Amino acid sequence: MHGTPPLDPSSTPQAARRIEVRGVSKAFGTRADEALELARQGVSKSEILKRTGAVLAIDDVSFSVDAGEIFVVMGLSGSGKSTLVRCLNRLHDPTVGSIEIDGEDILKASEQRLRELRLGKITMVFQHFALLPHRTVAENVEYGLKMRGMGKAERREKALKTLENVGLAGWGDRYPHNLSGGMQQRVGLARALALDPEILLMDEPFSALDPLIRRDMQGELIELQRRYRTTIIFITHDLNEALTLGDHVAVMKDGRLAQVGKPAEIVLNPADDYVSAFTRDIDRGRVLPARTAIRRPADPAALSALIEKGAASIGGSRPLHEAFGLVSGGKPVVVIGPDGKPEGQFDATDMAAMLAGDDAGKGQPAQVRPEAGQTRQGQTRQGRS
Amino acid sequence: MSDSMNALRAATDMARPSHYGELPLDDWIQAVVKDWLVPVLRPFFRALQMPIQMLLDNLQALLLAIPFAVLLIVIVLGAWRAAGRGVAIFTLVSLLLLDWIGIWRETMITLAMILTAVVFCIIVGIPAGILAARSDRAAAVIRPILDVMQTIPSFVYLVPIVMLFGVGMVPAVIATIIFALPPLVRLTNLGIRQVQEELVEAGRAFGSTSRQILWEIQLPLALRTIMTGVNQTLMLALSMAVIGALIGAGGLGLIVNTGLGRLDVGYASVGGLGIVLMAIILDRVTQALGETGRDGKGAGG
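These protein sequence lines are chains A and B, in that order. Using the numbering used here, you'd call the opening residue of the first sequence number 1 and step up by one each time. Using the numbering used here, you'd call the opening residue of the second sequence number 1001 and step up by one each time.
Simulated from the structure, these hints should not be mistaken for laboratory data. Small disclaimer: the values here were computed from a predicted structure and weren't measured. Please note that a few of the clues may not be correct.
[What the hints assert, rightly or not] Which chain B residues stay away from chain A? Per the calculated CB distances, all over 12 angstroms, these: (1) Ala1007; (2) Gln1049; (3) Val1119; (4) Leu1158; (5) Leu1199; (6) Ile1217; (7) Leu1221; (8) Ser1239; (9) Ala1268.
[As the list claims (entries may be wrong)] Listed next, the stretches of chain A that the computed footprint assigns to chain B, with coverage defined by at least 3 CB atoms under 8 angstroms from CB atoms of chain B: (10) 118 to 126; (11) 315 to 327.
[Claimed, not checked] Ranges of calculated distance between the beta carbons of each label pair, as one might list FRET restraints: (12) A:Ala208 / B:Thr1209: 26 to 36 angstroms; (13) A:Ser180 / B:Phe1155: 28 to 38 angstroms; (14) A:Ser98 / B:Val1033: 58 to 68 angstroms; (15) A:Asp281 / B:Arg1193: 58 to 68 angstroms; (16) A:Ala208 / B:Arg1081: 36 to 46 angstroms; (17) B:Leu1041 / A:Ala208: 38 to 48 angstroms; (18) B:Arg1081 / A:Leu76: 46 to 56 angstroms; (19) A:Gly23 / B:Gln1150: 49 to 59 angstroms; (20) B:Arg1193 / A:Ala271: 40 to 50 angstroms; (21) A:Ser77 / B:Pro1017: 54 to 64 angstroms; (22) B:Pro1051 / A:Arg174: 37 to 47 angstroms; (23) B:Ser1210 / A:Asp173: 41 to 51 angstroms.
Heads up, the beta-carbon is just placed ideally off N, CA and C, and yes, glycines get one too.
Given these sequences and hints, build the entire structure.
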């Protein structure tokens, strides 16, 4: 998708910045300012709570989100991720910091302007769906349109169309409790999409769903996102989900961002022990792009020769697990770059080493590894897959 | 032995404030209420009296003007629609019995009285409950007032009420309002506060003003709890029928009091039966109304 190798931190393409969060902190309690002052002096959260009675939920967080990407904030419960996402549409007001959306500082927005933003630009999907039980499915989807002041017939038409888009045609007259969890969350999604939002905030939208349904919904979300190019801020406590969905992933711990980066960066270059502890259990085959398995210098002539001899090839940004079928019998696989030219090659052993992750943390691309030029007799690594 | 006990008692009595004379709290309250509160506030309370008087008179006149058979059919059909066939049959039999034992007129007078009290409880109580739910500060002010209203024995406030309003139906209705109001305020507050935080957040996230959130989300979802409050208020109002009769209310309460005064067990019991039957009918009907108030929430799980 992106034009440069994924491991280069300067590689973010110059897409339009949609959201710019700078130095945002949020403390809950009457003595919030005092709490932040203590935090600046390096006092721990529990000590701050003891001294001021204020809970420091977010501590000096900065990040930016590009237009049309899925930006995932991952963290355990209590890490402040839900508070953070609620700052973006000001369900919570940050104690300090600035949040710009398309250049507008929303912390300075009036109540009136905020309502406009929430009715046009930024909508939200909730963890437990937050559907009104006394309203039908269609009425729930109409909610935002009604707040916008749209007429009855018009908003019903729009609601039914949106329901169709999320696969719920014909369910409009039922009540939410008639629907399964997955279907209820589709209603929640439809309610948000009915407003044609540019930015969609999703607070653990799939956490309450069964694993199989969650997998389906993830796939559909990616579909939807491709179709509408909506910018999505997605909150989750599941790193696998984060790495599958995210164009960028921010890992949150105790109100701070432990690391922000592309999924492959998080896996290959975890910023600290906390992040690396998470990455141990993830499905690397689905997260890492194929080009990360390249372990020897690229020699364009040799690669072209390989292709001519009929070697298999794979796009560099495809997930590595797609190459499982290609590497059988020790044959090399050629990695094709975004420009259509070969970038490098790997074989089963290279791939197994990458999947096993025993070099995680070094995270150096193949080109600089001294032994990479040697052929297979020097390999000692054991593949697990 | 008993000498030493007496010595000990004499010594410890030194610690009792009453040893040095009694605090004339009762005189002070008497003075404040009688010489200050009553004269100063009388115009205000007279004004308060007016709407209650109007509603009460009209309601009573209406109930007594409608022919028995018509009113019977209306009430029974209403009970049927709200609470089903069983309650409707019970209502029919009860109302016929009440007429048969000769207390139909008194029943209607009591009904007018408690309905008036409940209407004003709703007018005051639901907004007060909403206020308490939406502002912790308001709740902190309202809660102790409710505590006082609920803990003061009703006989205690009968006296100032008589001083302010005189004797009659209206003072009885006012005493009833004071007695019956608290649960409605408390349950309205509770019902609104119990609405899931995520639903209120969703309302805000979809551009609702706090007024829209109140009407679109909080009140509909709190309706069942609020209806329980109305039911409780109604029951409490009915239980004031006898006490209200002490300060001039007529109706079934007066029958009970008269029976009590004459030691006429039969007469008192007839009044008591009327109150009990009315209580059962009103309770079943308002509870059923609360059930239908939940709409979509019912069958799910």
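Cross-check of the supplied hints:
{"no.": "1", "hint": "Ala1007", "in the structure": "holds (54 angstroms)"}
{"no.": "2", "hint": "Gln1049", "in the structure": "holds (39 angstroms)"}
{"no.": "3", "hint": "Val1119", "in the structure": "holds (26 angstroms)"}
{"no.": "4", "hint": "Leu1158", "in the structure": "holds (43 angstroms)"}
{"no.": "5", "hint": "Leu1199", "in the structure": "violated (5 angstroms)"}
{"no.": "6", "hint": "Ile1217", "in the structure": "violated (6 angstroms)"}
{"no.": "7", "hint": "Leu1221", "in the structure": "violated (7 angstroms)"}
{"no.": "8", "hint": "Ser1239", "in the structure": "holds (33 angstroms)"}
{"no.": "9", "hint": "Ala1268", "in the structure": "holds (46 angstroms)"}
{"no.": "10", "hint": "118 to 126", "in the structure": "holds (count 5)"}
{"no.": "11", "hint": "315 to 327", "in the structure": "violated (count 0)"}
{"no.": "12", "hint": "A:Ala208 / B:Thr1209: 26 to 36 angstroms", "in the structure": "holds (29 angstroms)"}
{"no.": "13", "hint": "A:Ser180 / B:Phe1155: 28 to 38 angstroms", "in the structure": "violated (58 angstroms)"}
{"no.": "14", "hint": "A:Ser98 / B:Val1033: 58 to 68 angstroms", "in the structure": "holds (59 angstroms)"}
{"no.": "15", "hint": "A:Asp281 / B:Arg1193: 58 to 68 angstroms", "in the structure": "violated (40 angstroms)"}
{"no.": "16", "hint": "A:Ala208 / B:Arg1081: 36 to 46 angstroms", "in the structure": "holds (39 angstroms)"}
{"no.": "17", "hint": "B:Leu1041 / A:Ala208: 38 to 48 angstroms", "in the structure": "violated (56 angstroms)"}
{"no.": "18", "hint": "B:Arg1081 / A:Leu76: 46 to 56 angstroms", "in the structure": "holds (53 angstroms)"}
{"no.": "19", "hint": "A:Gly23 / B:Gln1150: 49 to 59 angstroms", "in the structure": "holds (51 angstroms)"}
{"no.": "20", "hint": "B:Arg1193 / A:Ala271: 40 to 50 angstroms", "in the structure": "holds (42 angstroms)"}
{"no.": "21", "hint": "A:Ser77 / B:Pro1017: 54 to 64 angstroms", "in the structure": "holds (57 angstroms)"}
{"no.": "22", "hint": "B:Pro1051 / A:Arg174: 37 to 47 angstroms", "in the structure": "holds (45 angstroms)"}
{"no.": "23", "hint": "B:Ser1210 / A:Asp173: 41 to 51 angstroms", "in the structure": "violated (30 angstroms)"}
Hints 5, 6, 7, 11, 13, 15, 17, 23 from the list above are not met by this structure, while the remaining hints are.
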